[in-house]
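**Q** Counting in the UniProt record's numbering, the sequence shown runs from 1 upward without gaps.
None of these hints come from the bench; they were simulated from the model.
Hints are supplied without guarantee of correctness; some may be wrong.
Calculated pairs, DSS-like style, for lysine-lysine (alpha carbon to alpha carbon, straight line, at most 25 Å) [unchecked claim]:
#	residue 1	residue 2
1	Lys141	Lys84
2	Lys8	Lys218
3	Lys361	Lys416
4	Lys361	Lys419
5	Lys142	Lys75
6	Lys434	Lys419
7	Lys125	Lys95
8	Lys75	Lys141
9	Lys149	Lys75
10	Lys142	Lys84
11	Lys119	Lys141
12	Lys149	Lys84
13	Lys434	Lys340
14	Lys125	Lys84
15	Lys361	Lys434
Simulated restraints, written as ranges between beta carbons of each label pair [to be verified]:
#	residue 1	residue 2	range
16	Gln465	Glu312	13 to 23 Å
17	Asp322	Asp504	55 to 65 Å
18	Asp336	Asp423	38 to 48 Å
19	Val400	Gln438	23 to 33 Å
20	Ala163	Ser33	36 to 46 Å
21	Arg30	Asn151	55 to 65 Å
A virtual CB, placed ideally from N, CA and C, is assigned to each residue, including glycine.
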Amino acid sequence: MDKLTVRKQLTLAFGLLVFFLIGISILSIRSFSNSNASFEQYVTGITARANTAHRVRDAIDMRAVAARNLVLLTKPEDLDIEHKHILQAHANVAKNMQHLLQLAQQPGVSDEVRSSINKIDNIEKRYAPVALAIVDLALQKKTEPAIVKMNEECRPLLAALVAATDEYFTLTDQRSALILQEDDAQYILNRNILIGASVLSIVLAVLAGWLITRHLLKALGAEPRQLCDAVSLLAGGDLTGKLSIAANDSVSVLSALQRMQVSLTSVVSSVRQDSDTVALAAEEISTGNNDLSLRTEQQASSLEETASSMEELTSTVRKNADNAREANVLATTASDVASKGGAVVGQVMGTMDLISESSRKIVDIISVIDGIAFQTNILALNAAVEAARAGEQGRGFAVVATEVRGLAQRSASAAKEIKTLIDDSVSRVEAGAKLAAQAGTTMSEVVASVASVSNIIAEITMASQEQSAGIEQINQAVAQMDSVTQQNASLVEEAAAAAESLRDQASHLVQTVSIFKTHDGQVAAPARTTAPAPARASAKPLRLVPAAASSTVKRQAAPAKPRAAQAQAVTAGDWEEF
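Model the full assembly from the supplied sequences, consistent with the hints where possible.
**A** Here it is, written out as structure tokens:
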């Protein structure tokens with residue numbers, strides 16, 4: 001019984017009760033069913049057969065009386081009435097007798113009952129023809145033969161039929177009495193069984209209740225009300241109450257409560273001793289974290305100023321680099337223009353050379369033309385001489401020769417003038433070529449100078465870019481330092497918040513433990529009110545002023561480290577360093 005749980009014990013007890021209730025119910029239902037079957041058998045069997053037999057007997061008596069009246073009456077109308085009565089009674093006898101025979105064939109009918117019914121039927125079969133014969137004689141006005149037949153044949157058969165029906169009635173009464181006796185005996189038996197089962201169920205219920213109550217009291221160790229009072233005291237923080245435990249009780253709930261009371265007393269005493277120490281340490285940690293947070297904010301402010309200065313320097317260097325880059329572009333453009341000018345001067349010098357060459361060729365051609373004019377003049381002179389020799393016949397030829405000579409002279413004069421102009425032009429072209437050569441030399445010097453200036457400006461641009469890159473790296477380093485400082489400030493704030501929370505929790509722990517009372521009668525001292533931490537400047541987010549989109553330093557806060565990594569033992573002097 002002790003190894004069973006409360007649920008199993010209750011289930012077993014109520015299961016037995018339910019089992020007995022089911023058995024009693026089944027027994028009651030069976031008893032009622034048997035009584036109902038006996039009653040149905042009595043009603044549908046014995047009573048139905050008895051009623052049918054009574055109807056057969058009544059019809060037989062009516063038929064016998066009508067036959068006697070038919071013999072004694074003399075009026076025709078009376079004879080007709082009695083004759084109808086006889087026929088009706090005879091039909092009723094036949095119908096009820098047939099019904100009685102059918103009832104006798106039902107299951108459960110005893111052989112004695114069937115034999116008695118068959119006996120009635122056999123006598124009826126012998127009596128009916130005799131009675132009908134008497135009716136026929138009476139209708140034929142044969143009164144004497146009818147009386148004789150009635151006395152000699154009808155009366156013995158009628159007496160036998162009446163005796164057979166009386167015998168059946170007696171048998172029916174006996175059978176009914178037997179059934180009633182059996183029902184009474186069955187009722188008494190079922191009543192006794194139900195009473196015994198009910199008494200047994202009550203005994204088992206009382207026994208199960210007593211055993212379960214005894215086991216529960218043993219498992220609880222005390223009454224539920226006493227346990228409730230003890231638990232209420234423990235819940236209220238009173239650990240001084242004394243629990244009455246039996247000497248050999250080590251498994252009850254009350255015994256477990258006593259062990260819990262002892263353990264709670266030990267735990268509360270230990271917590272009460274350590275809670276003030278924890279609260280003081282938490283306050284010191286919170287104060288140190290606040291000081292460290294202030295120093296971290298000061299360093300962050302200095303870094304912010306440094307970052308601003310670096311940003312200004314970066315902006316100045318970037319402007320110088322931009323100006324150098326623009327000067328380099330302008331120098332490159334000037335160098336290109338000078339190169340193009342030198343090329344143009346070269347082309348001009350080539351053109352001047354070509355013009356000089358063409359002028360020399362023209363001079364040569366003019367010389368040829370001058371020679372041709374001179375030869376033509378000589379030929380014209382010769383022609384004039386020959387024309388003069390010819391006299392009158394050569395006069396016309398002399399005129400022509402004169403004209404040709406004049407043309408030759410003018411050609412020679414024009415050739416001289418052209419030669420003079422060409423010579424002047426050639427001399428000027430040569431002077432222009434010399435000037436173009438000098439201009440080409442000057443342009444070459446200009447191109448070389450511009451190239452030198454462009455190289456110097458390119459070197460200045462590269463140096464400015466290197467300075468900008470270096471300052472950018474310094475800016476990034478400062479930004480990283482700023483980010484690390486901000487992370488440190490964030491971690492310090494988290495540490496301060498954690499220390500503040502620890503201090504609050506320690507204070508709450510002291511207040512919580514103060515509700516417990518131990519066996520020595522002491523009550524845990526309430527948590528002392530700690531002075532609030534000195535007000536400190538709220539930590540504001542620090543950022544570098546962006547100079548340009550290309551140099552913007554994107555700083556992302558590092559993920560907060562686990563607080564477990566921050567819990568390091570530090571001394572009071574360590575708070576002065578960062």
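**Q** Between Ala163 and Ser33, does the C-beta distance stay in 36 to 46 Å?
**A** holds (39 Å)
**Q** Confirm or reject the claim that Gln465 and Glu312 have a C-beta distance inside 13 to 23 Å.
**A** holds (19 Å)
**Q** Does the structure keep Lys8 and Lys218 at a Cα separation of 25 Å or less?
**A** holds (16 Å)
**Q** Has the given pair, Lys434 with Lys340, been kept, meaning a C-alpha gap of at most 25 Å?
**A** holds (20 Å)
**Q** So if I understand the rule, the pair passes when the alpha-carbon distance is 25 Å or less; does Lys361 with Lys416 pass?
**A** holds (15 Å)
**Q** Check whether the Cα positions of Lys149 and Lys75 lie no farther apart than 25 Å.
**A** This hinted pair holds, its Cα atoms lying about 22 Å apart.
**Q** Hey, Lys361 versus Lys434, does the alpha-carbon distance stay inside 25 Å?
**A** Cα-Cα ~20 Å, so holds.
**Q** Holds or violated: Lys434 with Lys419, Cα cutoff 25 Å?
**A** holds (22 Å)
**Q** Under the criterion that the straight-line Cα-Cα distance not exceed 25 Å, is the pair Lys141, Lys84 satisfied?
**A** holds (17 Å)
**Q** Are the Cα atoms of Lys125 and Lys95 separated by 25 Å or less?
**A** Distance of about 13 Å is within 25 Å: holds.
**Q** Straight-line Cα separation of Lys119 and Lys141 no greater than 25 Å?
**A** Not OK: Lys119 and Lys141 at ~34 Å, beyond 25 Å, violated.
**Q** Could you grab the alpha-carbon distance between Lys361 and Lys419 and see if it respects the 25 Å cut-off?
**A** Holds: Lys361 and Lys419 sit about 11 Å apart, inside 25 Å.
Going down the numbered hints, you'll see the structure goes against 11, 19, while the others check out.
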